[in-house]
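Asks: Chains A and B supply the protein sequences, listed in that same order. Once you know that position 352 of the first sequence is 352 in our numbering, the rest is easy, because the numbers rise by one and skip nothing. Once you know that position 409 of the second sequence is 409 in our numbering, the rest is easy, because the numbers rise by one and skip nothing.
These are computed hints drawn from the structure, not numbers from a lab. Where a beta carbon is used, it is the ideal one built from N, C-alpha and C, also for glycine. Take the hints with a grain of salt, since some may be wrong.
[Unchecked claim] 20 Å max Cα-Cα, derived EDC-like pairs, lysine to aspartate or glutamate:
| id | chain 1 | residue 1 | chain 2 | residue 2 |
| --- | --- | --- | --- | --- |
| 1 | A | K45 | B | D330 |
| 2 | A | K45 | B | D389 |
| 3 | B | K410 | A | D407 |
| 4 | B | K55 | B | E4 |
| 5 | A | K364 | B | E81 |
[Stated by the list, open to error] Now the stretches of chain B that chain A is said to cover, found in silico as 3 or more residues with beta-carbon under 8 Å:
| id | segment |
| --- | --- |
| 6 | 110-116 |
| 7 | 155-162 |
| 8 | 220-231 |
| 9 | 316-326 |
| 10 | 365-376 |
2 protein chains.
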Amino acid sequence: MKIETVRGGLCAVKGVRAYGIKEGHNGLAVIEGKGQAVGMYTASKIKAAPVLFTKRQLEGCEGQIQAIIANSGCANSFTGEQGMRNAEKMAELAADSLGVKEEEIAVASTGPIGKQLDMELIERQLGHVVKGLTAEAAGSTAAAKAILTTDTFYKERAIRIDTGNEERVVIGGIAKGSGMIFPHLATATMLSFIYTDARLSEEIQRASFEDAVANSFNMVVVDGDMSTNDLVLLVSTGQGGAISEGDFKEGLNFICKELAKLIARDGEGATKFIEARVKGAASVADAKEAAKSIVRSPLVKSAIFGERPDFMCGRIIAAIGSCATVSGVDPGRISIGLKGEDKDKDKDKDKDKDKDKDKVSAVKNGEFMDMSGVAREVMRDKEIFIEVDLGIGESEATAWGCDLSYDYVKINSG
Amino acid sequence: MKIETVRGGLCAVKGVRAYGIKEGHNGLAVIEGKGQAVGMYTASKIKAAPVLFTKRQLEGCEGQIQAIIANSGCANSFTGEQGMRNAEKMAELAADSLGVKEEEIAVASTGPIGKQLDMELIERQLGHVVKGLTAEAAGSTAAAKAILTTDTFYKERAIRIDTGNEERVVIGGIAKGSGMIFPHLATATMLSFIYTDARLSEEIQRASFEDAVANSFNMVVVDGDMSTNDLVLLVSTGQGGAISEGDFKEGLNFICKELAKLIARDGEGATKFIEARVKGAASVADAKEAAKSIVRSPLVKSAIFGERPDFMCGRIIAAIGSCATVSGVDPGRISIGLKGEDKDKDKDKDKDKDKDKDKVSAVKNGEFMDMSGVAREVMRDKEIFIEVDLGIGESEATAWGCDLSYDYVKINSG
Chain A
1 MKIETVRGGL CAVKGVRAYG IKEGHNGLAV IEGKGQAVGM YTASKIKAAP
51 VLFTKRQLEG CEGQIQAIIA NSGCANSFTG EQGMRNAEKM AELAADSLGV
101 KEEEIAVAST GPIGKQLDME LIERQLGHVV KGLTAEAAGS TAAAKAILTT
151 DTFYKERAIR IDTGNEERVV IGGIAKGSGM IFPHLATATM LSFIYTDARL
201 SEEIQRASFE DAVANSFNMV VVDGDMSTND LVLLVSTGQG GAISEGDFKE
251 GLNFICKELA KLIARDGEGA TKFIEARVKG AASVADAKEA AKSIVRSPLV
301 KSAIFGERPD FMCGRIIAAI GSCATVSGVD PGRISIGLKG EDKDKDKDKD
351 KDKDKDKDKV SAVKNGEFMD MSGVAREVMR DKEIFIEVDL GIGESEATAW
401 GCDLSYDYVK INSG
Chain B
1 MKIETVRGGL CAVKGVRAYG IKEGHNGLAV IEGKGQAVGM YTASKIKAAP
51 VLFTKRQLEG CEGQIQAIIA NSGCANSFTG EQGMRNAEKM AELAADSLGV
101 KEEEIAVAST GPIGKQLDME LIERQLGHVV KGLTAEAAGS TAAAKAILTT
151 DTFYKERAIR IDTGNEERVV IGGIAKGSGM IFPHLATATM LSFIYTDARL
201 SEEIQRASFE DAVANSFNMV VVDGDMSTND LVLLVSTGQG GAISEGDFKE
251 GLNFICKELA KLIARDGEGA TKFIEARVKG AASVADAKEA AKSIVRSPLV
301 KSAIFGERPD FMCGRIIAAI GSCATVSGVD PGRISIGLKG EDKDKDKDKD
351 KDKDKDKDKV SAVKNGEFMD MSGVAREVMR DKEIFIEVDL GIGESEATAW
401 GCDLSYDYVK INSG
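Turn these sequences into a full structure, and let the hints steer you where they fit.
Replies: In structure tokens:
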């Protein structure tokens with residue numbers, strides 16, 4: 001099995017057309033492609049209308065959807081019965097325009113909490129978007145751009161999997177990250193829509209999706225605030241090749257991680273990307289909790305913004321210690337390694353250079369090493385890789401995040 | 001029963017002497033006062049040496065302590081066996097100077113993680129501090145100042161309880177809040193030492209203390225990072241009056257809340273104090289989780305820094321929704337009220353003015369009110385009181401915190 005990154009995003013997948021427009025803060029995207037959909041939704045106790053609506057739709061049509069309509073500029077969250085009627089209305093309008101059944105439309109929204117959708121605007125925008133629907137790569141990019149809020153770049157990826165049996169399977173997706181919408185009542189929302197042409201059973205599709213989301217989107221922390229609108233959908237058109245469960249899982253994990261890392265990279269105010277790998281844990285659940293606690297800690301994030309490895313390591317220790325359910329932690333066994341990468345700086349370097357040479361041992365079996373020299377150098381890079389070895393087991397997990405900068409405060413206070 | 005605030009801090013309590021000095025980042029405080037001690041310690045899985053040591057000491061001497069020695073400038077955390085020996089050495093030095101048993105000394109530290117104590121410095125400072133020990137108010141203040149790190153003011157309170165039976169009971173305490181110590185490896189630590197002269201059984205003392213800490217220090221969130229060094233001790237000298245359990249609980253709750261609020265007020269980079277009261281919850285545990293999730297949210301904190309009631313309310317909703325264990329949340333029943341206070345601005349106002357006039361209804365039964373006028377005005381005050389009514393039960397809880405400002409990032413990145 002071979003994974004190859006290809007262009008085209010969603011539209012690299014057979015049977016998918018997409019388009020979107022953005023006017024100021026208000027964007028609208030439509031993705032058309034008949035297929036079997038599985039969804040994962042925010043764990044918030046207060047779910048936005050489109051989340052509740054789409055969950056119900058997918059149950060009603062047994063996942064057989066025709067299209068997704070998604071808007072940015074208003075979360076349609078905390079909007080009561082009117083909000084639910086508006087989510088339904090979005091589906092109805094999309095169904096009419098596309099000539100399909102209202103029951104087979106999924107809806108998503110992102111933006112400010114507590115205000116109602118402008119249905120006239122959505123109806124008007126929908127007309128343009130449906131006219132623009134295309135299977136060309138530009139359609140996916142337009143949709144990816146339409147759902148952005150405070151994101152600074154659009155997020156789109158596609159891969160082609162060569163199964164070795166002359167079968168070809170494509171997975172393509174778009175995502176938006178944590179962003180706040182000016183001017184009202186904002187929250188951070190993560191949306192992602194992924195399509196594949198793989199021929200799959202619904203069971204394998206669902207199991208693979210849950211696994212991939214758990215290892216990718218669920219391992220990204222920008223600020224630790226959970227949105228009322230988070231929504232991820234995976235739709236398989238079945239127009240491509242057959243693929244084994246293992247190969248599909250691997251491909252889907254790959255693309256979900258790629259999209260998740262793009263979200264971390266584009267976290268609000270981010271100046272640095274953080275990857276925290278925790279190994280040597282007693283269980284994967286422990287490793288996950290520890291890795292997430294590191295990228296969630298405002299103190300760790302601030303230390304990375306300030307390029308201070310010494311502060312950072314002390315706070316990583318505190319973050320690990322604060323994990324309620326991680327078992328067997330022994331300070332004397334903890335080691336921390338650091339690595340930096342910087343595309344701008346590294347491009348002049350020798351390509352054949354041993355990458356591991358950059359790895360600095362900052363903490364070794366519970367003891368702080370000298371962090372005044374190379375460790376400080378590493379922290380100046382744009383991408384910071386932290387590897388924590390708990391030294392007590394065989395399990396590992398990786399989480400992604402970004403630093404906490406002045407701009408995070410600026411973006412979210414203004 | 002009547003509670004009256006008095007001066008003198010720790011030294012308002014019969015049988016207590018205190019003193020402390022601070023040289024640059026390095027401070028040392030001693031509190032001398034024979035009594036029955038109960039302690040509460042950080043829940044971190046990685047506890048600093050002084051935390052482990054003091055817990056063991058209190059078990060060994062059945063809580064009968066003679067003195068507390070506490071230093072700032074080094075947390076003695078993540079310091080292995082050497083760290084444990086140094087904590088023991090601190091107790092030994094203090095015992096020798098005071099002419100008491102080493103087994104009856106409690107030790108606390110705050111400062112950078114990962115470096116060893118400078119025992120010579122501690123020995124030298126201890127000489128000065130022991131000579132300075134006094135039962136005068138100035139002794140308590142000197143001790144309160146000695147344990148500070150990035151705190152911007154010292155924290156000290158004392159109350160006299162009139163039980164109505166000609167008995168007088170005093171409770172006095174000092175605390176330090178979340179602060180980071182320049183120049184190395186910092187974490188945030190909360191320390192508080194409280195003395196009382198009340199004649200109490202150990203059972204009542206412990207039960208009252210656990211109750212008071214749960215409702216005060218445990219309800220303060222500056223950044224959500226848990227320290228390896230948090231430590232709170234309550235010592236009763238028994239040299240004052242008798243008091244009923246109920247009256248003592250009330251008094252102790254009062255002083256612990258006062259000290260906790262001082263910590264919130266002095267959170268790193270704080271420009272505003274936040275009090276979040278959640279009522280109408282199904283249980284006290286639910287109300288506590290919801291209230292803490294509000295003051296922990298970086299997005300809520302940023303919105304308060306930016307004085308945006310509309311952003312803030314949307315994010316409060318999201319914060320409540322994200323509470324994993326809060327049951328029965330119904331968006332349509334949630335109401336949010338706002339109130340502001342500003343000592344500088346309010347001093348010119350009519351004293352008799354009805355305080356409740358300032359309370360603004362921002363969200364009413366799931367609907368956002370207009371927040372462009374009075375609500376924005378309220379947010380300009382230095383103290384922001386948020387009252388969330390979940391509308392589903394009878395329980396309530398209050399949490400305290402501060403906003404997230406540029407200075408938080410500055411303090412913790414440099």
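Asks: If a hint holds in the structure, say so; if it doesn't, say that too.
Replies: Hints, verified against the model:
1. K45/A to D330/B: Distance ~8 Å between K45/A and D330/B Cα, so the pair holds.
2. K45/A to D389/B: holds, 16 Å
3. K410/B to D407/A: holds, 12 Å
4. K55/B to E4/B: violated, 32 Å
5. K364/A to E81/B: Satisfied, since the Cα-Cα distance of roughly 15 Å is no more than 20 Å.
6. 110-116: Satisfied; 4 residues make the cut.
7. 155-162: It is violated: at least three residues are needed, and the segment 155-162 of chain B offers just 0 whose Cβ sits closer than 8 Å to chain A.
8. 220-231: Holds: 6 residues of the segment 220-231 of chain B have a Cβ under 8 Å from chain A.
9. 316-326: holds (count 9)
10. 365-376: holds (count 3)
In this structure, the hints that do not hold are numbers 4 and 7, in rising order.
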